[in-house]
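Enquirer: Next come the chains, spelled out residue by residue.
Protein chains: 4
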Amino acid sequence: MRAFTRFSNSHSDHKAVDRKAPTKPRKNASQARSRATIDALVEATARILVREGFEKASTNRIAEVAGVSVGSLYQYFPGKEALVAAVIDRHNEAIMGLVRTALTEIADLPIDKAVRKLVTVAIEAHRINPKLHRVLAEQIPRTGQLRDVEAFNREIQTLVRAYLESRRKEMRKIDPGVATFICVSTIEAVAHNTVLHGAEMLSEKMVKVLVDETTRLVVGYLR
Amino acid sequence: MRAFTRFSNSHSDHKAVDRKAPTKPRKNASQARSRATIDALVEATARILVREGFEKASTNRIAEVAGVSVGSLYQYFPGKEALVAAVIDRHNEAIMGLVRTALTEIADLPIDKAVRKLVTVAIEAHRINPKLHRVLAEQIPRTGQLRDVEAFNREIQTLVRAYLESRRKEMRKIDPGVATFICVSTIEAVAHNTVLHGAEMLSEKMVKVLVDETTRLVVGYLR
Amino acid sequence: MRAFTRFSNSHSDHKAVDRKAPTKPRKNASQARSRATIDALVEATARILVREGFEKASTNRIAEVAGVSVGSLYQYFPGKEALVAAVIDRHNEAIMGLVRTALTEIADLPIDKAVRKLVTVAIEAHRINPKLHRVLAEQIPRTGQLRDVEAFNREIQTLVRAYLESRRKEMRKIDPGVATFICVSTIEAVAHNTVLHGAEMLSEKMVKVLVDETTRLVVGYLR
Amino acid sequence: MRAFTRFSNSHSDHKAVDRKAPTKPRKNASQARSRATIDALVEATARILVREGFEKASTNRIAEVAGVSVGSLYQYFPGKEALVAAVIDRHNEAIMGLVRTALTEIADLPIDKAVRKLVTVAIEAHRINPKLHRVLAEQIPRTGQLRDVEAFNREIQTLVRAYLESRRKEMRKIDPGVATFICVSTIEAVAHNTVLHGAEMLSEKMVKVLVDETTRLVVGYLR
DNA sequence: CATGAATGAGACTTCATTCAT
DNA sequence: GATGAATGAAGTCTCATTCAT
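Protein chains in written order, with the UniProt record's numbering: chain Y, 1 to 223; chain L, 1 to 223; chain F, 1 to 223; chain D, 1 to 223.
Please keep in mind that the hints were generated in silico from the structure rather than gathered at the bench.
Wrong hints could be hidden among the right ones.
One copy or two, either will do: identical chains are not told apart, so a pair holds if it fits within one copy or between any two.
Here are the computed lysine-lysine pairs in the BS3-like style, where the Cα-Cα straight-line distance is at most 30 Å [unchecked claim]: (1) K205 <-> K173; (2) K56 <-> K205; (3) K169 <-> K205; (4) K208 <-> K131.
Keep in mind the model is a prediction, meaning the values are calculated, not measured.
Whenever a hint applies, use it, and build me the whole structure from the sequences.
Expert: Dropping the structure here:
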């Protein structure tokens with residue numbers, strides 16, 4: 001089940017996916033210097049991804065941009081995939097910050113207010129770093145970081161479902177799983193398309209219209 | 001604006017994206033032998049994409065699987081990208097076959113019947129070759145075939161919009177552009193997530209439920 | 001010993017030079033059509049050499065420009081080398097036309113008139129097709145056509161030497177072989193440098209000056 | 001204008017010639033290890049050029065002979081051309097060593113002694129590494145290293161011209177540019193042909209004769 | 001004879017990764 | 001730990017040549 005962020009999708013039937021390189025940082029970065037190096041590397045990766053595209057993101061280039069030697073890169077990350085995964089994690093974490101907060105604030109709101117908030121936050125989430133989001137969504141062959149994104153999606157599902165179940169009385173009779181699936185898919189899709197569409201649609205007025213419409217769409221559906 | 005199929009998305013802000021290798025076949029292949037070779041290559045590419053993943057789709061491998069020499073591959077395609085583009089085109093064309101038919105049949109139907117048909121066809125479209133669809137959506141760095149997919153999306157937008165405008169009297173007052181955007185995004189998202197979710201959700205009963213729900217979602221929104 | 005044309009030089013100590021592909025046309029072109037095809041091929045080769053450089057002169061390209069299929073190319077020439085050799089031969093033959101005529105006309109002239117004529121003809125020879133001459137001199141790895149060029153050079157040597165020996169009385173006492181070597185080398189060098197120097201030096205006035213000076217150089221040396 | 005060394009010639013009218021691959025080393029090689037690698041590569045290139053010919057000088061072969069990996073080759077040189085350019089530079093530098101010295105020593109000598117020295121040094125220069133010289137002159141398609149060789153030729157022109165102008169009183173009235181052109185062309189041609197002629201002519205006695213004759217040729221011309 | 005599709009050796013180049021210093 | 005030189009597998013692509021039609 002899709003979620004608020006695009007670069008996602010479950011299942012990995014591919015053989016190719018299996019014997020992949022590890023994806024987690026090697027050290028726990030006890031020392032401050034290590035921490036700084038790691039940050040520089042992740043940051044460099046993100047910057048290259050955004051500015052030059054996935055193809056240019058070689059380990060040598062990343063190390064260079066990070067102002068570090070390749071050797072150091074491998075000191076902290078088992079390979080290129082791990083770096084990309086780290087960037088994704090960082091981006092996901094930023095998104096989840098917004099989403100978790102929103103879902104907390106929503107808890108006591110009626111459905112219409114709640115949905116509006118969710119739609120708003122979904123768009124905001126896509127706007128955190130749209131260029132990075134786009135690269136992550138479009139240019140990166142998903143082959144290893146699926147697991148992480150999955151977990152992330154599951155969390156959103158769970159939270160939204162919990163909210164919907166808590167508001168069952170305001171809603172018509174409807175399977176909570178299905179409702180969650182429809183809501184999350186819909187909101188995410190509109191947010192994704194809205195933001196990734198760039199210039200033409202990004203006028204604040206247009207965004208407001210889309211928020212209104214999407215809210216109407218979802219609320220109308222739930223009641 | 002997204003459409004009924006996923007591997008898409010407009011704008012390409014990357015410098016890296018531009019001076020890309022060509023994407024169109026080299027010859028027009030009048031002769032039968034050529035035709036067979038070309039087909040074998042495209043077919044091989046699709047097969048590898050599905051069975052082994054994008055990473056394994058090297059020109060040598062493709063040629064090998066096609067039972068053809070690399071030289072022949074380059075006789076007809078300027079590079080790997082063009083092969084992938086051909087696979088995408090082929091897949092898109094298959095989808096467009098369904099979609100165009102559906103949109104024709106819809107012309108005289110009332111909104112509820114029409115939307116149901118669209119939702120159904122969207123799911124069917126994603127089911128034509130789900131594995132391929134998934135690979136296309138997830139594993140392929142979009143860097144050249146964008147143009148084609150764009151055109152494809154635009155066509156869907158246009159057709160749907162034309163239908164909606166013809167049915168304006170059955171609908172509440174609403175901007176046709178926005179309505180189209182919302183409908184297409186929504187239907188596509190549900191279809192995509194439904195189908196790409198694989199086994200668990202693919203029971204026919206579940207599919208029916210999702211068609212019902214999505215229809216309700218969209219129809220409720222339009223009226 | 002060098003001669004009136006540059007792309008030359010004897011000896012071939014290289015192992016690489018030996019097991020080379022043949023260099024002579026396959027057929028004798030009895031029919032007119034064959035003749036036309038052969039000419040088209042040689043002409044195409046020359047044109048490509050001049051306009052696009054040696055690197056671009058692939059057999060496929062040559063055939064294409066000649067308006068003939070690759071198959072036909074191999075019908076008449078055993079390989080690329082043979083085509084280049086044919087171009088060289090044709091060019092050499094054109095040069096030799098001038099040179100032979102000049103040497104005939106010279107026979108009864110005194111040394112100063114004779115040398116002037118030789119210098120003039122050497123420059124003219126280099127001017128027959130300067131671009132081709134340049135490509136032949138600079139861009140073509142000498143690996144097979146040496147033999148032909150050698151023969152060509154030897155002929156010039158022989159003719160000049162014969163002339164000089166016939167005029168021995170006008171000259172100081174000097175070894176005829178040495179004199180020939182010096183004369184031919186000198187004249188060729190000046191002609192080559194003059195012509196290949198392109199624009200700056202090609203004013204007719206300048207050419208005249210150089211003819212005068214070279215004549216003076218050589219005549220002064222011989223007497 | 002040609003110079004004391006053959007593989008030269010200015011102007012490059014070819015489109016093909018322009019957008020060529022770079023020709024300069026990538027790194028500056030501060031470390032000793034780098035230096036050794038670079039030297040090994042250049043040396044290997046020269047060796048292959050001499051022993052196996054230009055055609056065999058593939059990057060893989062060069063790396064192999066250098067006892068280094070291809071990767072290392074590309075670490076320091078952007079491609080084959082750059083390697084060949086380095087070999088040429090090295091050879092040119094060796095020649096220029098001799099030539100510069102000679103031209104310094106010449107400064108205060110009268111024309112006849114000076115010319116003799118120049119002729120001698122020209123032959124010596126061609127003898128530094130005759131086989132390499134020959135390959136450089138004959139087998140290498142000039143497509144990138146022209147610039148360097150040009151500079152080299154210009155330097156010689158300039159130095160010789162300066163000498164001639166300083167000795168104007170010993171000479172007949174003659175345009176210094178023309179005189180330089182003639183002298184340099186002539187001396188170079190004789191030296192080139194003499195040395196590249198290999199065995200037959202290389203007896204010391206013969207060389208002496210040729211030095212005498214060439215000196216006489218040039219000196220006679222200048223006075 | 002002509003055609004041009006097919007071949008495949010081999011050239012070039014990149015880049016993730018290792019390892020001696 | 002950090003460095004960056006070195007590695008080499010693997011991928012891309014070209015082009016001389018062959019051969020079925």
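Enquirer: Decide, hint by hint, whether the structure agrees.
Expert: Quick rundown of the hints versus the structure:
For a Cα distance limit of 30 Å, the shortest separation of K205 from K173 across copies, 18 Å, qualifies, whereas the shortest one inside one copy, 35 Å, does not. Proximity of K56 and K205 under a CA criterion of 30 Å is satisfied in neither setting, with 37 Å inside one chain copy and 46 Å between copies. In this homomeric assembly, K169 and K205 come within 30 Å of each other (Cα to Cα) only across copies, at 26 Å, whereas the closest approach inside a single copy is 33 Å. In this homomeric assembly, K208 and K131 come within 30 Å of each other (Cα to Cα) only inside a single copy, at 21 Å, whereas the closest approach across copies is 37 Å.
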